[in-house]
Amino acid sequence: RNGPCGGHLDASDAGYITTPGYPLEYPPHQNCRWVITAPEPSQRIVLNFNPHFELEKLDCRYDFIEIRDGNSENADLLGRHCSNIAPPAIISSGPVLHIRFVSDYAHQGAGFSLRYEIYKTGSDCSRNFTSPSGVIESPGFPDKYPHNLECTFIIIVPPHMDVTLTFLTFDLENDPLQGSEGECKYDWLEVWDGLPQVGPLIGRHCGTKIPSEIQSSTGILSLSFHTDMAVAKDGFSARYNMTLKEVNDNFHCSNALGMESNKISDDQISASSSFYDGRWSPRQARLNFEDNAWTPNEDSNKEYIQVDLHFLKVLTGIATQGAVSKETHKSYFVTTFKLEVSTNGEDWMIYRYGKNHKVFHANVDPSEVVLNRIPQPVLARFVRIRPQEWKNGIALRFELYGCQITDAPCSEMQGMLSGLLPDSQISASSMRDIHGATGAARLVASRSGWFPSPTQPVAGEEWLQVDLGVPKTVRGIITQGARGVDGSTSAENRAFVRKYKLSHSLNGKDWNYIIDSKTNLPKIFEGNTHYDTPEIRRFDEIVAQFIRVYPERWSPAGIGMRLEILGCDLPAVAGSGLVGGTLQAEDEIRDESFMCHRRCLVRYWHRFTEPVGHQ
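First residue of the sequence shown? That's 1 in the working numbering, and the numbers climb one at a time after it.
To be clear, the hints were calculated from the coordinates, so they are not data collected in a lab. A couple of the hints might just be wrong.
As the list claims (entries may be wrong) - Listed next, the in silico DSS-like pairs over lysine-lysine satisfying Cα-Cα at most 27 Å (straight line):
1. K518 with K501
2. K509 with K499
3. K509 with K523
4. K185 with K358
5. K355 with K523
6. K233 with K302
7. K185 with K209
8. K518 with K499
9. K355 with K330
10. K144 with K355
11. K233 with K330
12. K338 with K358
13. K391 with K326
14. K144 with K233
My request is simple: use the sequences and hints to build the entire structure.
Encoded structure:
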């Protein structure tokens, strides 16, 4: 029933629709109609156009293709297209699409070719993983993956455990002219520290380079897999493994983070520039590396070397070393440097000690290792070292020291960053607008932050509240400032809270402040000094389900805040009536409900959250 100019098509098998004579010029006076039907009422149809697309341009009045979301020309219009730019993929809302092609008597072109097929929705190829170990593969692996996929794989990790993800094989379509890693145009795999589009993006991958090993301790690690309608490759295979986290009260936050051991991969190290001969690259900046070091193309205090730690970590020290050139046997080393930190690779803070930028004193020869302790440990994902002074020229090898936030006892992230806590469990006294809504109050993950509505707020009257779902042992809080509308970082949008009070409740009605033991008054916590750099504040453990933050002092740009709560499950006490809240995936998480939660988490910065009234 499918002629060269119209017909009824069954989408059970993928097929093609073209203008008559494609890719030669289509005839004049055409009025072609196709109706494409999926076999199941719940299915949808996707159209992908060949890039070679040419219809007379004149505002789509004479020659055009028209797609409607139903079985007739009265259905909702999905698009009317002409000119020489192929439309993007078009997806129906139901099981039927109506397509009409019209040409007049003059100015014919090559026309169009499109492929139609059943749209593979996320639920068709998505899975949750809750067992202690397993393998995650692209659909159809080891055969080539299908077209038009939007798959999500979520690893749900119980408390007190970390998860390590190791890629075994990797082959996704990429652009041979791709500018830099992460600029994937066609097919890609994204790794998220939390739920997709909610937690921070760790990386986007394509091509054949195997991604580096990833270790997460935030409770959820997610992969989102996207393919287009063109080239299909062999896909990927990865193994994950959960391990019990060893935590003790005597821990020291001074672990080597992986430069010397290669736990930090070459891909995680970058620089402003490298010496032109290729013998002094960023990957050679590892402590005790045997072959030279990193050297910039020009000896200047504008140069830097950078490490992406993939996750927010506590940075407590830096060890540095110079180098002796293998070629000339000449010595080079850095004598002083400054440190810059960031949570997102865009907003940077020069580390300060007191009111001034801290200048670290480094090496006096090319070989000896000099360790600099960071006086006030700092939270960062991205770290930059900026040489300030040097001998003979800049040459640097180094190691970073610190730990994960969750290495401290009872310091598990409670779900703000990862998205495990939904927007409905975050409320506030007021919200400025959609960009300052409570859903934007997630540590690091949000591009903006929570802003209360008053332009002249009163100290102690505005509050931001988190409902943990069940009573928990709470031991700390991480606070961060906020960016303005659409992530703006102009001066008037760099908002943060300098001081705040904390209150807690078991029922959301009866509240108690955390008390300062010296004054017996509500404790005033020191907050942030920069809109991007987070600060941890720990306190004696409390049992609470609800936590409120009351800003007391803030930046000239006003109140702006993102946060995470640190704590752990209550110990199981028989007959106590308290629910420990342990995330037992097999028992308490149903795949369909969790997937619904994931689907229903629309990007929170694009919608309002219903305000919760004063209590």
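Legend entry - 27 Å Cα cutoff - pair K391, K326: It holds: about 17 Å lies between the C-alpha atoms, which stays within 27 Å.
Inset, instruction - Measure nothing beyond the straight line between the CA atoms of K509 and K499; if it is 27 Å or shorter, mark the hint as holding. - result: With Cα atoms ~24 Å apart, K509 and K499 stay inside 27 Å; holds.
Inset, instruction - Would you check the hint for K338 and K358, treating anything up to 27 Å between C-alpha atoms as holding? - result: holds (6 Å)
Inset, instruction - Take the C-alpha atoms of K233 and K302, compute the straight-line distance between them, and say whether it is at most 27 Å. - result: Outside the cut-off at roughly 42 Å; violated.
Legend entry - Holds or violated: K518 to K501, with C-alpha atoms at most 27 Å apart: holds (15 Å)
Inset, instruction - Given the hint that K518 pairs with K499, test it: the Cα-Cα distance must not exceed 27 Å. - result: OK: K518 and K499 at ~18 Å, within 27 Å.
Legend entry - Given pair status - K233, K144, alpha carbons within 27 Å: Holds, at about 5 Å.
Legend entry - Agreement of K233 and K330 with the hint, judged by alpha carbon distance not exceeding 27 Å: violated (48 Å)
Legend entry - Pairwise hint evaluation, K355 against K144, where the allowed Cα distance is 27 Å at most: violated (57 Å)
Inset, instruction - For the pair we were handed, K185 and K209, check the Cα-Cα distance against 27 Å. - result: OK: K185 and K209 at ~16 Å, within 27 Å.
Legend entry - Pair hint outcome, K355 versus K523 [Cα-Cα no greater than 27 Å]: Holds - the C-alpha atoms of K523 and K355 are around 24 Å apart, at most 27 Å.
Inset, instruction - For the pair supplied as a hint, K355 and K330, confirm whether the alpha-carbon distance does not exceed 27 Å. - result: Answer violated: K355 to K330 is near 38 Å, above 27 Å.
Of the numbered hints given earlier, the model fails hints 4, 6, 9, 10, 11; all others are met.
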